[in-house]
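Asks: As they're listed, the protein sequences go chains B and E.
Each step along the first sequence adds one to the number in numbering that gives the first Met the number 0, with nothing skipped, and position 559 is 558.
Each step along the second sequence adds one to the number in numbering that gives the first Met the number 0, with nothing skipped, and position 100 is 99.
Hints are computed from structural coordinates only; laboratory data are not their basis.
Some hints here could point you the wrong way.
To be verified - The calculated DSSO-like cross-link candidates involving lysine-lysine, where the alpha carbons are at most 27 angstroms apart (straight line), are:
| hint | chain 1 | residue 1 | chain 2 | residue 2 |
| --- | --- | --- | --- | --- |
| 1 | E | K272 | B | K486 |
| 2 | E | K69 | B | K519 |
| 3 | B | K114 | B | K209 |
| 4 | E | K267 | B | K298 |
| 5 | E | K12 | E | K114 |
Claimed, not checked - Partner residues are not named here, just some residues of chain E that face chain B (Cβ under 10 angstroms, in silico):
| hint | residue |
| --- | --- |
| 6 | D51 |
| 7 | D54 |
| 8 | F61 |
| 9 | N162 |
| 10 | G269 |
| 11 | Y275 |
No experiment lies behind these values; they were computed from the predicted model shown.
All residues carry an ideal CB built from backbone N, CA and C; glycine is no exception.
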Amino acid sequence: MKKFVIFAIIFVLALNFAACKKKNGGKDDAYLDRFTVITDSSKNSWEFDSEEYDLNWFIDASWMVWPTYGADLVSRVIYEKTGCKIKFSVPGDDSGVELSTMLSSGSLPDVLTVKAASIYASQLPEQKYVWSIDKLMEKFAPSMIGRYHVEQKDVYDWFKQDDELYGIPNLCYTDYYIGDDKLPPNGGFLVREDWYNEVVAATGEDMTTKSSFLNGVKYITDKYQKAIGVQLDPFTDTGNLSVIWLSQYFAVPFEKEDGTYNHQITDERYKEVITFLNTLYGNKYIADANLTANTAAVKRNISLGNVFVCMATPQNYNDAFLNCYNNGVKYIPLVLHNDRGDAPVLQDLRGKGYMLSMITRDCERPDKVIKLFDFLTSEEGQLLINFGVEGDTFVWDDNREHVVWTEKYKADYAAENTTQYGFGMCNALLNQSFYDKVEPVSADCKKASSIYISNLKAPLSDYSYDYTASFLLPDTSRGDYYNFVEKNERVNQIWGRYLPQMIGAKSNEAALDILASTIKSMRDNGLDFVLSFNADAYQRAKTAAGMEYGWPVYRADYTAPVTGANGNFSYWKYIAR
Amino acid sequence: MEKAKKTTKKYSKSQWALLFMAGLGVVFLLVFNYAPMFGISLAFQSGDYVIDVRDAILNSEFVGFDNFKKFLTDPEFIDVVVNTLGLNVLSLVLTFPAPIIFALCINEVKNKRFKKVVQTVSYFPYFLSWIVFGGIVLSMLDSQTGIVNEIIVKLKLAAGPVNFGLSEYFWGLIIVTGLIKGVGWNSVIYLAAIAGIDASMYEAAEIDGANRWNKMWFITLPSILPTITVYLILAISGLLNSGFDQIWVFRNQMNLDRSEVIDTYVYKHGILKNQYSYTTAIGLLKSVIALILLTVSNAVSKKIAGRGIY
Chain B
0 MKKFVIFAII FVLALNFAAC KKKNGGKDDA YLDRFTVITD SSKNSWEFDS EEYDLNWFID
60 ASWMVWPTYG ADLVSRVIYE KTGCKIKFSV PGDDSGVELS TMLSSGSLPD VLTVKAASIY
120 ASQLPEQKYV WSIDKLMEKF APSMIGRYHV EQKDVYDWFK QDDELYGIPN LCYTDYYIGD
180 DKLPPNGGFL VREDWYNEVV AATGEDMTTK SSFLNGVKYI TDKYQKAIGV QLDPFTDTGN
240 LSVIWLSQYF AVPFEKEDGT YNHQITDERY KEVITFLNTL YGNKYIADAN LTANTAAVKR
300 NISLGNVFVC MATPQNYNDA FLNCYNNGVK YIPLVLHNDR GDAPVLQDLR GKGYMLSMIT
360 RDCERPDKVI KLFDFLTSEE GQLLINFGVE GDTFVWDDNR EHVVWTEKYK ADYAAENTTQ
420 YGFGMCNALL NQSFYDKVEP VSADCKKASS IYISNLKAPL SDYSYDYTAS FLLPDTSRGD
480 YYNFVEKNER VNQIWGRYLP QMIGAKSNEA ALDILASTIK SMRDNGLDFV LSFNADAYQR
540 AKTAAGMEYG WPVYRADYTA PVTGANGNFS YWKYIAR
Chain E
0 MEKAKKTTKK YSKSQWALLF MAGLGVVFLL VFNYAPMFGI SLAFQSGDYV IDVRDAILNS
60 EFVGFDNFKK FLTDPEFIDV VVNTLGLNVL SLVLTFPAPI IFALCINEVK NKRFKKVVQT
120 VSYFPYFLSW IVFGGIVLSM LDSQTGIVNE IIVKLKLAAG PVNFGLSEYF WGLIIVTGLI
180 KGVGWNSVIY LAAIAGIDAS MYEAAEIDGA NRWNKMWFIT LPSILPTITV YLILAISGLL
240 NSGFDQIWVF RNQMNLDRSE VIDTYVYKHG ILKNQYSYTT AIGLLKSVIA LILLTVSNAV
300 SKKIAGRGIY
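Here chain E stands alone, though its shape is the one from the complex (with noise of 0.2 angstroms):
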């Protein structure tokens, strides 16, 4: 018995070379989101224009609340909270399951090399920048030389061309290039927890006389619900994230009050305009909200599914 016990804690080489590789994975951690958690103080200090970040940190004043308070009675407040969580949501709502039926379908062809091209052709756009990607969209979407307003006036779809830089088209504009980027490659997750069913189980069905859409529905995607649970999980608590690249590709000054999210907002006043402790303190209100989103989605989870990512 006791030898057996001096058995378990001794590793094998390939055990000490994955705790190795486990160990630099804290290290990454601690390095990179415990250390800058020192940062955290200068939400509560009068460090705005100050040139040195360590400097506004170590000799600024403490002013409590203050930089929260600027926020919260902001006049963008208001704007920039709804279209964070507007545009997510309406995202969340319809992005999120495009890619799980996008994989349920994939699996379903039959097709080998007509499989192969649809899944090259929906994982292209995800290798683009969102700068280029934008950028090809912006042509063809321009109203005065873009490709898809030919096509509305030629068509007679509108009475004139359409200006999609106009804030009524900037959500739309966001779901749809984001499903358009996004799509193909998010559901190549899905189509590895596909991978990964019994064939058995199918096999079971087909003898029980079960169809296509029964299999889908009874086996596929049972199967992969504790992995639609995780990202969904994750995608809640990502709620006040927003796409940064892409919102900034296609803002422009006639679409602000549909286009300004708190991730530009941050931008502008933390990076453009050095101010370090206002937007150290939006940053900060943002994740404790996404903490507390994060636990609550996770809650419900445990007890709705009775899974969840801890």
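For reference, chain B alone in the conformation it holds in the complex (with noise of 0.2 angstroms):
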């Protein structure tokens, strides 16, 4: 019996290594030539190819669902165009456990969409498991080389690695399309209407001074029992993003005068940042639940309609905001600046990229996926998923700037019965700025609740900024990339660890000492090998974008903008406010 339970663990961890040897399965690039080259860029690629072909894509996102695939319109029309039947899969949540469970067993679906920030947009092609872009548009798609060597060729240096692109970008805005428009902020803070006017009818001030601000929310909090005076976003490992604005507002920079990177943690203008947010928790006004509220608790919060001002990440609580308002609670943006009086410098939500869709080594028709990836990209595509096909569900205008819906789209919309089209459903490879540029002006098929939302920061605009270059792009291929990856984390980690300690400390002085001894604790595990690389990391990213300087206010044509408290209102889209 003995003899039989050795002779089992060892046929047992022969068989474990058998399939270890197996490794990843990956095509190798002579895998490429068992397929047709197309030659002819004149023509769209995926009109060379009707054949039937089932893909699997996963997206590394969970609310990137498209529930009516195969059922409406966009995804009916996609199969006509190229033959693929996608089988999109998302992940329960986004904590990431499933995509990587999913690498380091080896299994990988056709397509994968992971987060451009994530450490996988550089190791996947690293590690040979994703075919490059550029070889397939090369071979199998040559009418997309132009859309990213020449339109956004911006996007693609961005994106690129050893010269070479290995994944489309969704949800980017492209100078191709942007132009010298002013987008949005990111972040932003937005003040309970009612309540707003009430303090300045009441003290008179406009609550854009740290005074002010603090008068203002302790006339509310005083007046209203239930009133939560500023509510911040949920602290994370790695720190908190209202934060972040914050800083924004108190105009931190991360470029020195010399154009070098600027570390803000380390610099002394961000004592003002952390002594504000204290004294705002010293007095009360950020609750001591917020330390260490979670997601849920900060919606409930927004929802309940007891937040006066909200410093959290506003399109992170959008469902909270609509609930406000069809409860006839309205928020409106608010101006603060720092004790020197400079203008915020806000992020605008511009970005290369969110996520990356990758085409798996793993896939068996690469020729046919780079041909999808093709049509979803191409003008006609984005139009597609977007707003459907042209002569039945839009229209171009006159000048051929915007799209504007049907007759029948607008008797669709009006008896609710869209889902049949799939719009808005494709976000894995969605070009936000395309969007933003054709999209309808008017304000038919939208509900004013959408409207007020997607809005409600769009009076900060002339406060915001290309940060580009402060995304940093970080060279994946240095030696000690890895060493750099592990500090950064590391360093990241102690300041998220003692971020919420910071601001409830005792006292500003507390507070302040804190931040020292955190710093301390960040560069006794390796800051200055992380801030030497960033500042690699930056130049790359300055080089990358085409910028002189990466700081708006260093920029030659910048002048403070000049507001009312809360912003201006002619962004107002679709409707005047």
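With the hints in hand, could you dock these two chains into one complex?
Replies: Pasting the structure below:
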């Protein structure tokens, strides 16, 4: 019996070893030789191939679901045009566990959409798990080359690795479509409008300075027992978004005057951010519960309409603001200045991309999938996923600048019968700047509530700028890159751990002491190495973005904007406010 | 004599069925417990940040005990180990006896309907996931909208609302919620053991004039002692295993100095950050310590109580 057990163990271990030797099953470059090469770039690549192909597509974002796929107009046309039937899957939550497990087991789908800022975006190409988009474009989709090598070259330059593109970004704002348009900020402070008006009437102050802000919050929290003076985002392992937004309001630069990288947290000017938040906490305007709250708790607070000043990221709580709106509680933006009276310098919504869609080397038909990508990223494809079919659901306006809904679509919208179309579902390859450029200018087929939500931060657009350089572009080919990754995570975690303690400190002095000891601890754990790496990554980012100065204030054309306390309402879209 | 020997070697149909079922258990062990042991080699390799685990095992460099050293010199090491041991020892001391006491008490309840109601109510929380149960608890304890704080404030038990999310309340929260969720269900095994006690022993004790307390102390408790011993040894060997789900639900940035335990640390670094080698080393270290604890507690049990689990 003993012999049998020993044999069985050895057998199972040997099987395991054999399974290991199989590796990831990825295909080498020679695999591409079996498919027909297309050289004619004058014709759309997908028009060369009508063969059917079923593919799996995993998107690492739980909210990017497409529940009507297969039954709606968009998916039907995609199939008719490309022959592709897509089986989308998304994780149950956004912890990243499902993706991590999938990758570690080596079983990859045909297409993988990962967050552009995640380590996988560089690891997957580096460890040869995905095809070069450039190679595939050259061989099988030449009609796509101009889009990324010429029109959206800024996006290409941003994401290329070893001079090749490995993933197509979504939600990107390419210069090709944005031009000089002003965009709303990414984060923005909102105040409950009726209470704000009461403050202005009672105190005569507009809350745009720190002292008047404190007076205003005091007035409301004294008057309304249930009022939550200031609501911050939840604290996470690496910090707090509201604190980042406040540092932008207080214009703490991420660049030195000589154009080199500046680490904001160790900048003297950052102290003002910490002490102001600490003062808000000390006066109980930031609740003790906020330091330990999760997203659900923040949502609950906003939904109930109890929040006076919301410093939490507005777009993360759209449903909560919608609930307030439906109960007659409205929010408007607020402009807040630092002690020096500088205008806020806010990060605009622009980004070169949120997620990257990559074609894995496990894909049986990469030639087919690149044609699908070509179609979806083309003007025809982008129009389809957002507005449907020209002549059927939309037409162009006279100048061919904006689309206009057809009467047929308007009737279906009025009858709440639009799920048959499937618009706005294919987010994995959505080019946001194209959408913004061509979307209908009228309020047709838009609810008043959704117009309100989409305009929440718009009045702050005068204060928002291109922050692309601050996103950093680390050199992933450097030998010490993973050392950087590890140390960067470590120092970020130290920051995340002590930030709530700074804000919750007993006094401003105590808060600054914790800040100093936190920075020391970060230095002990490799901050200086991280900063030197970041300095290089910053210059690489500026080069990719074609900028001389990353910090807007240093740019020659910068003039500090002047608006009312609640911004500039001329930025409201669809209807005048 | 020879005939009798032959008979014992032959298995009946039902015995074959039992052997087959046991065989499935062995296969399960081999596939899910022995086969993955192959991955232990990762603890001695530089396989961090390699996407495919198999690739990491086969192609990473041998680095000896570097991954172990890294953990032992990590600034979080002390906190993580203190939290793991502190929380689990406290939990063992306070929550291990609770189901035994509960089972003894339930056994003494004579009203069958009441007994069933109490058992059902006490079992129910066990069937809720920690996400759901923790969510309910967090809502109740919320310092702005929670009912518990409303009661505290109304009864003037504290100067103001209490923020149970702070680190000073974390261990208490874990133990109390662990008790609420587990005491009923964990008592089942002891109730089963009590049910197996020979009724004639109680009858004999009654004749000798024993009261309920005497019967419980001198008959019930000694009779279930073997069960208690086995569970105690297993609990001691699991001292480094914290309830991951439970801790993950209640942790936040303000209680990290009390809530970061080995399991959450490994999850963060291994699953979320691809540091497979580093976290395999931590897992292996944990397993070795658990094995030592199991061996020691078993030996102590054998010496003191005369029985162990092997």
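Asks: Decide, hint by hint, whether the structure agrees.
Replies: We went through each hint and held it up to the structure:
Our distance criterion of 27 angstroms between C-alpha atoms is met by K272/E and K486/B, whose separation comes to about 12 angstroms. Only pairs whose Cα atoms come within 27 angstroms are accepted, and K69/E paired with K519/B is accepted, the gap being roughly 21 angstroms. Restraint check for K114/B and K209/B: not satisfied, since their Cα atoms lie roughly 37 angstroms apart, outside the 27 angstroms limit. The hinted pair formed by K267/E and K298/B meets the criterion: a straight-line CA distance of about 25 angstroms does not exceed 27 angstroms.
In summary, the hint linking K12/E to K114/E is not supported, as the alpha carbons are separated by about 41 angstroms, beyond the 27 angstroms threshold. For D51/E, the shortest C-beta to C-beta distance to chain B is roughly 4 angstroms, which falls under 10 angstroms, so the interface hint holds. Proximity of D54/E to chain B holds as hinted, the smallest CB-CB distance being about 6 angstroms (cut-off 10 angstroms). Residue-level restraint check for F61/E is violated (minimum Cβ-Cβ distance to chain B is 16 angstroms; threshold 10 angstroms).
Taking 10 angstroms as the C-beta contact cut-off toward chain B, the hint placing N162/E at the interface holds, the least distance being around 5 angstroms. A cut of 10 angstroms between beta carbons decides the hint on G269/E: the least distance to chain B is about 9 angstroms, and the hint holds. Hint on Y275/E holds. Least Cβ distance to chain B is approximately 7 angstroms, under the 10 angstroms limit.
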